[in-house]
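Engineer: The primary structure of each chain is shown beneath.
2 protein chains.
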Amino acid sequence: MIPAWLLPEYIEDILPPYARAAEELRRRLLDLFDGHGYELITPPLVEYLESLLTGAARELDLQTFKVMDGLSGRMLGVRADMTPQAARMDAHLLNRQGVTRLCYAGPVLRTRPAGMLARREPIQVGAELFGHAGIEADLEIQALLLAALRVAGLPDMRLSLGHAGLFRAMVAGAGLEIRAAESMFAALRQKDGPEVLALGTDLDPVWREAFLALTELYGGREALDQARHTLPRTRDIHQALDDLSRLMDAAKDAPVSVDLSDLRGHGYHNGVVMAAYAGGQARAVALGGRYDGAGGVFGRGRPATGFSLDLRQIMDCLAEPEARRGILAPCEEDAALRCRIEQLRQAGERVVIELPGQQAFRGESGCDRVLARTATGWDLQPIQPIS
Amino acid sequence: MIPAWLLPEYIEDILPPYARAAEELRRRLLDLFDGHGYELITPPLVEYLESLLTGAARELDLQTFKVMDGLSGRMLGVRADMTPQAARMDAHLLNRQGVTRLCYAGPVLRTRPAGMLARREPIQVGAELFGHAGIEADLEIQALLLAALRVAGLPDMRLSLGHAGLFRAMVAGAGLEIRAAESMFAALRQKDGPEVLALGTDLDPVWREAFLALTELYGGREALDQARHTLPRTRDIHQALDDLSRLMDAAKDAPVSVDLSDLRGHGYHNGVVMAAYAGGQARAVALGGRYDGAGGVFGRGRPATGFSLDLRQIMDCLAEPEARRGILAPCEEDAALRCRIEQLRQAGERVVIELPGQQAFRGESGCDRVLARTATGWDLQPIQPIS
Numbered sequence: 001m002i003p004a005w006l007l008p009e010y011i012e013d014i015l016p017p018y019a020r021a022a023e024e025l026r027r028r029l030l031d032l033f034d035g036h037g038y039e040l041i042t043p044p045l046v047e048y049l050e051s052l053l054t055g056a057a058r059e060l061d062l063q064t065f066k067v068m069d070g071l072s073g074r075m076l077g078v079r080a081d082m083t084p085q086a087a088r089m090d091a092h093l094l095n096r097q098g099v100t101r102l103c104y105a106g107p108v109l110r111t112r113p114a115g116m117l118a119r120r121e122p123i124q125v126g127a128e129l130f131g132h133a134g135i136e137a138d139l140e141i142q143a144l145l146l147a148a149l150r151v152a153g154l155p156d157m158r159l160s161l162g163h164a165g166l167f168r169a170m171v172a173g174a175g176l177e178i179r180a181a182e183s184m185f186a187a188l189r190q191k192d193g194p195e196v197l198a199l200g201t202d203l204d205p206v207w208r209e210a211f212l213a214l215t216e217l218y219g220g221r222e223a224l225d226q227a228r229h230t231l232p233r234t235r236d237i238h239q240a241l242d243d244l245s246r247l248m249d250a251a252k253d254a255p256v257s258v259d260l261s262d263l264r265g266h267g268y269h270n271g272v273v274m275a276a277y278a279g280g281q282a283r284a285v286a287l288g289g290r291y292d293g294a295g296g297v298f299g300r301g302r303p304a305t306g307f308s309l310d311l312r313q314i315m316d317c318l319a320e321p322e323a324r325r326g327i328l329a330p331c332e333e334d335a336a337l338r339c340r341i342e343q344l345r346q347a348g349e350r351v352v353i354e355l356p357g358q359q360a361f362r363g364e365s366g367c368d369r370v371l372a373r374t375a376t377g378w379d380l381q382p383i384q385p386i387s
Numbered sequence: 001m002i003p004a005w006l007l008p009e010y011i012e013d014i015l016p017p018y019a020r021a022a023e024e025l026r027r028r029l030l031d032l033f034d035g036h037g038y039e040l041i042t043p044p045l046v047e048y049l050e051s052l053l054t055g056a057a058r059e060l061d062l063q064t065f066k067v068m069d070g071l072s073g074r075m076l077g078v079r080a081d082m083t084p085q086a087a088r089m090d091a092h093l094l095n096r097q098g099v100t101r102l103c104y105a106g107p108v109l110r111t112r113p114a115g116m117l118a119r120r121e122p123i124q125v126g127a128e129l130f131g132h133a134g135i136e137a138d139l140e141i142q143a144l145l146l147a148a149l150r151v152a153g154l155p156d157m158r159l160s161l162g163h164a165g166l167f168r169a170m171v172a173g174a175g176l177e178i179r180a181a182e183s184m185f186a187a188l189r190q191k192d193g194p195e196v197l198a199l200g201t202d203l204d205p206v207w208r209e210a211f212l213a214l215t216e217l218y219g220g221r222e223a224l225d226q227a228r229h230t231l232p233r234t235r236d237i238h239q240a241l242d243d244l245s246r247l248m249d250a251a252k253d254a255p256v257s258v259d260l261s262d263l264r265g266h267g268y269h270n271g272v273v274m275a276a277y278a279g280g281q282a283r284a285v286a287l288g289g290r291y292d293g294a295g296g297v298f299g300r301g302r303p304a305t306g307f308s309l310d311l312r313q314i315m316d317c318l319a320e321p322e323a324r325r326g327i328l329a330p331c332e333e334d335a336a337l338r339c340r341i342e343q344l345r346q347a348g349e350r351v352v353i354e355l356p357g358q359q360a361f362r363g364e365s366g367c368d369r370v371l372a373r374t375a376t377g378w379d380l381q382p383i384q385p386i387s
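Line order of the protein sequences matches chains A and D.
The opening position of the first sequence corresponds to residue 1 in my numbering, with each subsequent residue numbered one higher.
The opening position of the second sequence corresponds to residue 1 in my numbering, with each subsequent residue numbered one higher.
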């Protein structure tokens, strides 16, 4: 007999005081986005499957829980990513000609965890900028991502930049076919130099060396300088390196590095890609980048760049939140007491009514003070241990 | 060909500025609960079906979307109500001996809308008090519900009280069998007097008249007085009427009435039940009441009372929110500009960078001021119409 309280694998409650800490972080992030002009949207938990699994999001198919809709007889998907929903709203509902900035926060659901320590219900918080193809939009998104990570107070934070356009330009330059490009992609992600060389045996030596070089091109600005010397000087390659230089320059003293074989966004992203790490975790706490053409399936393809993070994963990197302290108040009908309680709550205090028979459980209440009747009225006193 | 942007029936996006207004209401409600000692929990979107459809929540079976869990081969349900999840956390995880106060806010999903104007994805915000069987706990919940409705700023708000224990006491007193009780329940909910009389033909005339009287016993305090004269004087019936009197007295000048044939909570609730109405809507915006025995299936049955509301439905009752105004700032690298922007954002302003090429779309930006370079630095100016 499996106990009723058992939760499915990789599915978790958030208990007090963690849930409140996550709520406060959610608020700080949404307020940060709001201050930068990102308008909050709340897309639904479920949509018709075709709406969720559009174009760039096809890789989400296996990740998406499917249910039958009794009202329409069609399949619904529970959202596994809110980015396509934001793109739909930009393309179809808002339909603005200029730049549209959107942000969102909410749970998404996945059939399988992304890794051993991952969960199947990330709380996705993100910001997306639609309608601008220039590097200025990527610069804004990078600055916002860095600000979000600072707001979260993440320890040992660092940002790693890559460029999905760089790999695409090299595939085109070298004349790699799709199958071969996919194998090369896999080898580069593993930084597997011998495999890269093996896959490149039929290529022009210039391109073979260039692919091999990618596996070594990571680090600070010097990696970009070296890339300029090592990689073929095609227009698209130089454009990608220029983009990365602009981003590194703008980051100033933030810990930003590049990794030219970090191709995580390939297939979804098509320009700059960003991955943020923190707290010594190997898995990125935030992912972002450029994905031009977003919303095309909804009738209007638009340039797009943005990022999102998982609030649960960020909470894992932070110190245990402090429990909220409170004030116990007696359960009495007294106008002066009621007034005092109201004042304290208005001032941000938690005031808990001690219901009849609860004195024995004061230790569980989380309260460190009590409202007591004195000669002058109702006064705050430290809680006396029960004898 | 069905367009990709089409949403399923009774499923909706929340667009700007409504999503931000809903977020701000969510915050005010959670802060209200927090100030009263209700600790925030975040239960998961999905659980094993048996955990969601426990005891009192069996009626939710038809309302719950089911999916197969590929990791366990077991059925999962997408939560249609967060109350059983709160009861699980109280009973099993927190496991306190004294009173436990919990609150929550999040989307739930239902296979069918509750009515013509309902939606299938309510945003449920609620507060639950576990571990206290006394009327004092119901009084606290009623006060908190009234405070929540005030915080929401609902127009034409009123609270209707009923008592599931009253009907149970009458069923027991009259010796009604389960089938007959179910028919009586249905007739009473419809306030169908002739049907009530017909169902009561075999009953003692005292009880038949008592059931009939229920259909007329609604309104203010006079309805309770009349109930005391009309209904049989059993202990449980008088206890129920005393409970309702206490609640009406405590509500003071809040618009609270009773309806003794409002049995919506029957089967789920077993004491006082509460339904709040607003904005002239026929459907309640908040529902609550006592449901003792909660959590029993998780190993520990506890007294429980609480309420929840649907943020989407409450938004329907409120006036259209104002769009957030902002300040446009030029996309320039200038230390003084950057500093000014930071100051304005810290002061709560929305400052939107005007990316290159966006001047033509100023009308879409929602901004009414612009940061302009003057002899003295960067100053705020009203936006000039584009010539």
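Derived from the structure by calculation, the hints contain no laboratory data.
Where is the CB? At the ideal position from N, CA and C, for every residue including glycine.
Accuracy of the hints is not assured; some may be wrong.
[Said to hold, decoys possible] Short derived list, chain D residues pointing at chain A, Cβ under 8 Å:
1) Trp5
2) Leu6
3) Arg28
4) Ser51
5) Leu203
6) Val206
7) Arg208
8) Leu212
Engineer: Hints first: check each against the structure and report whether it holds.
Structural biologist: Each hint tested on the structure:
1. A hinted interface residue such as D/Trp5 counts as satisfied when its beta carbon comes closer than 8 Å to some beta carbon of chain A; here the least separation is about 4 Å, so the hint holds.
2. Checking D/Leu6 against chain A by beta carbon gives a least distance of about 7 Å; that is within 8 Å, so the hint holds.
3. The beta carbon of D/Arg28 comes no nearer than 12 Å to any beta carbon in chain A, farther than 8 Å, and the hint placing it at the interface is violated.
4. At a threshold of 8 Å, the smallest CB-CB gap from D/Ser51 to chain A is about 5 Å, leaving the interface hint in force.
5. Given hint, D/Leu203 at the interface with chain A, is violated; its Cβ is 38 Å from that chain's nearest Cβ, farther than 8 Å.
6. The restraint placing D/Val206 at the interface with chain A is violated, with a minimum CB-CB distance near 35 Å, outside the 8 Å limit.
7. Evaluation of the D/Arg208 hint against chain A yields a violated restraint, the C-beta minimum of about 39 Å exceeding 8 Å.
8. A distance limit of 8 Å between C-beta atoms decides the matter here; for D/Leu212 the minimum to chain A is near 37 Å, and the interface restraint is violated.
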